[in-house]
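Number of protein chains: 2
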Amino acid sequence: MTAGEVRLTRKGQATRNRIVAAAAELMFVRGVAGTSTDDVQLAAGVSPSQIYHYFGDKKDLVRAVIAHQTDAVLAGQQPLLSRLDTMEALRAWRELIVDMQRQRACEGGCPIGSLGSELAETCPEMRPDVAAGFARWEAAIRDGLRTMRARGDLRQEADPDLLALALLSAVQGGLLLTQIRRDTAALEAALDAMLDRIASLAP
Amino acid sequence: MTAGEVRLTRKGQATRNRIVAAAAELMFVRGVAGTSTDDVQLAAGVSPSQIYHYFGDKKDLVRAVIAHQTDAVLAGQQPLLSRLDTMEALRAWRELIVDMQRQRACEGGCPIGSLGSELAETCPEMRPDVAAGFARWEAAIRDGLRTMRARGDLRQEADPDLLALALLSAVQGGLLLTQIRRDTAALEAALDAMLDRIASLAP
DNA sequence: TCTTTTTTGGAGTTGACACTCCATTTTTGT
DNA sequence: ACAAAAATGGAGTGTCAACTCCAAAAAAGA
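Chains A and B, in that order, give the protein sequences. First residue of the first sequence? That's 992 in our numbering, and the numbers climb one at a time after it. First residue of the second sequence? That's 992 in our numbering, and the numbers climb one at a time after it.
It cannot be assumed that every hint is accurate.
[What the hints assert, rightly or not] Cross-link-like lysine-lysine pairs, in silico, DSSO-like; alpha carbons within 27 Å at most: (1) A:Lys-1002 - A:Lys-1049; (2) A:Lys-1049 - B:Lys-1049; (3) A:Lys-1050 - B:Lys-1049.
[Stated by the list, open to error] Covered stretches of chain A, going by a simulated chain B footprint (3 or more residues, C-beta under 8 Å): (4) 1018–1028; (5) 1102–1114; (6) 1117–1129; (7) 1178–1190.
Calculated from the structure, these hints are not laboratory results. Quick reminder that beta carbons are idealized off the backbone N, C-alpha and C, glycines included.
Generate coordinates for the entire structure from the input sequences, incorporating the hints supplied.
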């Protein structure tokens, strides 16, 4: 990931991926600070020095984890996420997100949001990485809402960009409260209220 | 704070408060894991052993910090928070929250939410403490909305309890995105959308 | 005042964690 | 096959953080 990294063989690439995947899983559950490089080594089944062969330092690894989790979150919401341009699609997406939380017993919150909250002030240099992850998510939502407005499913006064930001905020807040309460009620209430708001903006 | 703690003199109480306040400030900025007991000692101007005289261990101190931050957040929103029973009051409260973030340059997010996100999985035994903090906040919002409905400012079908949960979620998500983007747009969009939703539920 | 309890200071201990070094094995490219 | 480059194993290092101990000072209560 660092600039002048030597090139990787297929085996090296696989090992690197294994390290990132293991680190992502551990950091999702225990947080970045709560995950030691030893933990990652053990989980990935690599020897102690491997991490520093593939990553400059722990921060470098965390950066890779942020990118990995962003990809995973967006992929987990496909194909719905790229077609959020009807109320039906939005409602189906709402169900998907709520179901995902239920399946993991409301543990862990949002993989991107948790990283963001932990790193925003402690590692300011990584804040842009998290922001970029959120931007990709936001863009997908925004595209759907823009399509709705262009098609005439939303009134002209409705601002799809602001609604997308508000909807993503609702998801994040709902996920946080859901994680802390161990109950999806907050996530459902937040999403339903926001989707009802959008529905009320039909012509 | 622990059960069988010996009783404190006035001076002891003051020292304890100084430790909690210093720890709260540091943990708000650097996170719990990023704040060492040495840091707290220095900031509070106490000798190294003081913390363990007043608190059993670091977790005990964190518990006190959660309670302290909950009090601080609720106090900072008074007197508006206890009278959120008109749209005007809700809009004024929205301004207050946004202004507070602006004043701190969007740094730090929600004092309760940040703690919750960091501790929910790493220290499961403290999750109920955070949940209790949120519950107090939620209750204040809920009371206002219930009053609105009882007075007839909200339709009978409107569920004040769900709306309160959704509104708190919007605040939390908005604060998180605001912290990461260093821009209050997300918080404003989330709050405005949720308040518009509530306004649309007038008879 | 005089005993008891609380508060304070500071040195010390233990363990964990990020990171390094170097030798060995495996893979690559010719 | 054979040099060069990459991947791996494992021992080791220095730092820092949580927590302990004990003795001295200050306050409380009688």
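Could you tell me which of the numbered hints above are not met by this structure, giving the numbers in increasing order?
none
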